[in-house]
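Residue numbers (the working numbering), protein chains in the order written: chain A, 547 to 918; chain B, 1482 to 1568.
Derived from the structure by calculation, the hints contain no laboratory data.
Heads up, a few of these hints could be off.
[Said to hold, decoys possible] To give an idea of the interface, some chain A residues facing chain B are shown, with a C-beta separation under 8 Å as derived from the structure:
{"hint": "1", "residue": "GLU639"}
{"hint": "2", "residue": "ARG845"}
{"hint": "3", "residue": "THR876"}
{"hint": "4", "residue": "GLN883"}
{"hint": "5", "residue": "ARG884"}
Note that the Cβ used here is the ideal one computed from N, Cα and C, for glycine as well.
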Amino acid sequence: MLDDFGVGVSFAGDEVVLRIQGEVDLVTAPELGAVIDAIIDRGHRVVVLDLADLDFIDSQRLALMARAAHRLERECGELGVRSPSPLLLSLLEITGMDALVRMDHRASNSEPQGPEQSVGTPGIPGQTRRPESVPPASLLVAIPARRDLIDGALRVVVALAQATIERAGGTSVSLRRHGRLTTVAATDETVATMDEDQYTTGEGPCVAASAEGCRFEIDAVADETRWPAFAPRARALGIHAILSTPLFAQDRPIGALNIYSRTVGAFSPQDVKSASMLAAESSTVLADAGAEEKELTVRLEDALRTREVIAQAQGVVMARDGLTAVMSYTRLRTMAQRDKSSLRHFAEEVVATTSHHRPSEAAHSGGGGADA
Amino acid sequence: MPERSGGMLERARRDVGLSHGELWLRYFALGGMRSAFEMEAILYDALEPSAHDHDVIVQALNERFAEIGGDHPVPYSDNERDGATDQ
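Bound-form chain A, shown alone (with noise of 0.2 Å):
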């Protein structure tokens, strides 16, 4: 049964490249979940899907794809797309995806680049070769499509906490966005400096908040051990107390509230618990957005079921009428206008008619389904 499944695989260090090919239906789409769960068990951490064989997508796939992509942005791993059709990309891009995944934009290799297998159950190597060039595992978080809003939203949450907060010196928000942490509100240049340096170095408050979901507050910078990179940058600008909030998404650490200040000690008990509700009402925003995106999945959904119908009420109509694909669906849509009702309305009565029949009936029902 494997043997019809259809996708290739190939090793390259950390990262597994699955060339998947032909339709994965009903049956073999959990077979591919099942596949992607046991590489990852592997610890494989980078899994590239490589879509060049496929032109279409459903919404099956696509569920199966936030579901790997969601567990590998968990376990700090990544899920990577190569040569999506344009058609597959524009899917991509209209429910999300294309912010919970990274494109590769390397072109198919029909070369596997590494020990190409046969996706049996056991046989996945658990070590590997260490390529040239893998790319670095990132943390990959799905961000709402309406990022105006929400960085908008966010800057008031900045404006805020800088007004709140008694001795904050600069304010910050930071998000995690195609993998990497972005500064998207700053009250001034030296905090967005300070962010940068955080990002550059891998440590420092904000990255720790960010990561871990936990407050981190450093009271006096000069006694700072935890981050020996970052600290003296800190330093250097000034700096001499910082506090970060941890922001989520879906219950997922995304990023953080950064409050900065020249007054070592600078944060009271009540200055904290400040930061803390401005970072859950960010979260709420971030929530909500996280919702909206969720609502786009089921349209798509909805869109793929309405393709399903009328390509089915086609295929009733070439049969019956031994017309083109194209003549039934002419067919169809002057039939459903005839009968003021959608072309999907209009479509479901043709194929609920047609399974009452038996095909031998169908094949005489003439008329063209308005009969219904």
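Keeping the supplied structure of chain A fixed, place chain B upon it in accordance with the hints.
Frame of chain A, contents of chain B only:
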């Protein structure tokens, strides 16, 4: 995005108040196989669609017109012919 004039389809899109993304999703649901980018190029007359592609976009627009009380005001490519003679 600056307002571009666009063709007949683009004007119809604005008349029914659908965003490009919403129209694409409807077009896709009705069986369209062009990407969102290509569909937009068709709306702006930058890409010549097949008669079928044109008709699927028109169907999406007309169904939206029907929802708001219109009756298929955007012409299909085969308006002068019988549907069954298309290709």
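So, going through the hints one by one against the coordinates:
With a cut of 8 Å, the hint placing A/GLU639 at the interface with chain B holds, because the nearest CB-to-CB distance is about 7 Å. A hinted interface residue such as A/ARG845 counts as satisfied when its beta carbon comes closer than 8 Å to some beta carbon of chain B; here the least separation is about 6 Å, so the hint holds. The closest approach between the C-beta of A/THR876 and any C-beta of chain B is roughly 4 Å, which is under the 8 Å cut-off, so the hint is satisfied. Hint status for A/GLN883 relative to chain B: holds, with the closest Cβ pair at about 6 Å, below 8 Å.
About 10 Å separates the beta-carbon of A/ARG884 from the nearest beta-carbon of chain B, more than 8 Å, and the hint is not met.
When the structure is compared with the earlier hints, a violation turns up for hint 5 alone.
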